[in-house]
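Colleague: Two chains, two frames, some hints: make the complex.
Read top to bottom, the protein sequences are chains A and B.
The numbers in this note's numbering rise by one with no breaks, and the one at position 80 of the first sequence is 80.
The numbers in this note's numbering rise by one with no breaks, and the one at position 214 of the second sequence is 214.
Simulated from the structure, these hints should not be mistaken for laboratory data.
Treat the hints with caution; some may be incorrect.
What the hints assert, rightly or not - The calculated DSSO-like cross-link candidates involving lysine-lysine, where the alpha carbons are at most 27 Å apart (straight line), are:
| no. | chain 1 | residue 1 | chain 2 | residue 2 |
| --- | --- | --- | --- | --- |
| 1 | A | 50 | B | 352 |
| 2 | A | 76 | B | 64 |
| 3 | B | 64 | A | 50 |
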Amino acid sequence: MLIINCPHCGERPELEFRYGGEAHIARPANPMSLTDTQWSEFLYFRSNPKGLHAERWRHIGCGRFFNALRNTITDKFVTTYKAGEPMPDIAKFAQNLSSGSAANG
Amino acid sequence: MRFSLLNLLQQSFAGHQGWPQQWRFPDPKPSYDAIIVGAGGHGLATAYYMAKEHGMKNIAVLEKGWLGGGNTGRNTTIIRSNYLWEESEGIYEHALKLWEGLSQELNYNVMYSPRGVMMLAHNVHDVQVFKRHVHANRLAGIDNEWLTAQQAKDFCPILNIDPNIRYPIIGAALQRRGGTARHDAVAWGYARGASNMGVDIIQNCEVTGILRGVDGAVTGLETTRGTIKTKRVGVVAAGHTSVLMGMAGVRMPLESYPLQALVSEPIKPIMPCVVMSNTIHAYMSQSDKGELVIGAGTDAYTSYSQTGGLHIAAHTLDAICELFPNVRRMKMLRNWGGIVDVTPDRSPIIGKTPVPGLFVNCGWGTGGFKATPGSGHVFAHTVATGEPHKINAGFTMERFRRGRLIDEAAAAAVAH
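In isolation and in its complexed conformation, chain B is listed as follows (with noise of 0.2 Å):
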């Protein structure tokens, strides 16, 4: 069923109780054509794409817990596109494009919000590596702009500026096209594009072996629902991308973290934007519940807890406060966290691996969400043509061999 407004009032008039199930809830076939492990945004997007761009229909996404439960509906739903090298302008402009169309090419509302994706930057070092972004991506096309304190001010009136806090504000790098989107609907929307096609989405399913013949392709998962065969498998499993590949044999260069966020009680629209300050480790902007949404960082070692240690929200905590002095009296309602799978270089692996028909996106660490659309438009063409895409072309494993590394660790200095 398409959503329009005749169905809206005829549904009103019904009391909304005909709306029918959004998608499907399939038992495994024996067998697909491909697999791909993992319904979060980007399992989910990678399918829809699939079915849609490449005709792929009998294909499943199988999900251990619920789709949308893993860091799909833990993270602070930022998105932006503003930075450093190529390869990350490439993919992350890719999916801004796509969020622009996105609620109309799903028929479903995923509420993004262009209101703005503001970085506040504290120190001379900040300065220069901002307006080197800033200058980077206008010569790619991408909008971003220095701002004075004062202009930042006038963009967000709740920001402190005054220049004898600990940290002061001395400028900032907006890119107007950022902002935030519902990260639920993403999934949601993603779901039901996808099952509307044909892909069978089974949730409660967890692979447990990855099935290879005697050339070392893949031929099956082992599931908990029973083997199911299949020729191609794509991974989009996060934090749990190493435990996954490690029953292919596969070695990863990552490492998962725990990675922190909370919401404060509603209050009225105070914030018109999204603010970031990686010098000191905050970012906040407000949901249109009117939850303020706080991002904290990641911990130090290495977990698949779901679960960080409170000195690293209370951190964060600090330097909201100073930043914005009039939420210091608010009450925080809820904090979780979510395991995010980092790479060495803080950019994501999407391509193939060393095992014919296994391929793999993970690597995403503390920034996937906005790239969602784009990740999964990439991959599906990946693993249905089984070559990369030219837009993750860079994003291999192969090149931690090479020394080819995308290093957006060192061009932002922390957790993005």
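Just chain A, same shape as in the assembly (with noise of 0.2 Å):
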């Protein structure tokens, strides 16, 4: 079971959350004047990434949603941050993770 650590109440077991899917996906301002293609873009393509992914949870303790930066090779959290933030710097976590990982062996 994963430890999350939400940005308003900390550390709490997995059991206590929701996960949300993909973060920093906007829904459109005015859904009319997308296209079919767009709007497939928005619904159901997703970057599904292997390595940091930004994503969204829900810590239903305090019922507020959060968004997270974790590793899904290790399933490991590099940080969470409120929502409404902008995204971390994922190329410099990236670049953290892989000297990190050389120092842990």
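Modeller: So, in structure tokens, the structure goes:
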């Protein structure tokens, strides 16, 4: 079971959370102006990366959504941040990840 | 070499020391007519039917690990075709018909055992959904029948039909032709058959890039064993499809999740069939070795870790202990995870991609094993001719743009 750091409440077990899928996918302001291709991209197409993934979680305890960066190879969280805050620099975290894993053997 | 009673006797007298290698271990050639990426059941079946039915012998199957070592070696081996929508009935029934003759076709015992797959109903919604499935299947000529709780217990005597349990069993849908097969043997049988026809199966060869020409069409693959030229590539990479397609700049309507299974210590035969409960999320059968093979659910989050949370497996064991009280004190021997690629409508994508020469067979999600022969058969047609077979014509990526989904997610309400 994952231990997840809610930015509002601190570390809690995974059972207190619900997963909310890929983060930073804004609902189009004017859906009627979208083509079918753009609409299907919003609805169905996901980046599904092997590595760092920006994703939404909801803490049932405080009821609030927040975002997280998690490594989908190890399932380890590298950071969590409040909803509405910009996505952290993934490249920087990825670099730390590779140098960190080298240091840890 | 064809397996027969005669050579079994000969080898018996020779102490079984003379059996030949089942498939070759070739080095990659500089170029092939077509390359399949992924030597799981679906990829090997694709190569087998491309060689056998389309005469394509100069082809290769690339595998980053060992053949059959991904989801083919990790699933719970259940076979059935009682799906709701016509497209699904078409492909899963096509597969089931191929299963019925597969051991003879491959001259390799895949241990297909039509012992019956029984799906339990615990509430009014289940009853309505399963009866709808029964009627839809029978209209399509697929066997599926409705059982009362007592009939379900007669079919599987260890089932607990006490009306006072938390989720009482009030009926079941039974597909008698459903059952199980030996998962490894399927990969091995197809690998042997394909290799004998000249297909190169190249293991420990990871694809690291997809090469494209000025017109955008595929020209070859970069691999850990060098560059290989080809004009046709079929990606059959399950959980890693998004990663591979990303190498050609194609985004996919897929997310990869860990799916877990576990087996108990082996015991004498107690279970004559497969029992599934979608509502309380458990399914179980007994292998020929005597282990109870138990399927759990997917984790909530996307992952490539090939491991899942223990609470997911524990949740399934809660359900198993209620349905089968006499297994409560058994020990579980092993549990493991595989990475399944799930589409928004829980139906596969088998067909062309926006890149000329690049084909994809993916999105089988939590239920791909049962489709192995049918999937390989129609995908071989697709890669060899450049156009989909009529059975997989509906399973395009295009359907997510048009909105013509094949919504087995809503039909079954859970992973299947």
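Colleague: Each of the hints needs a verdict: does it hold here or not?
Modeller: Tested hints:
Between residue 50(A) and residue 352(B), the direct Cα distance comes to roughly 24 Å. Compliance with the 27 Å bound is thereby established for this hinted pair. Of the pairs offered as hints, the one joining residue 76(A) and residue 64(B) holds, with about 24 Å between alpha carbons and a cut-off of 27 Å not exceeded. A distance of roughly 15 Å separates the Cα atoms of residue 64(B) and residue 50(A); the hinted pair therefore holds under the 27 Å criterion.
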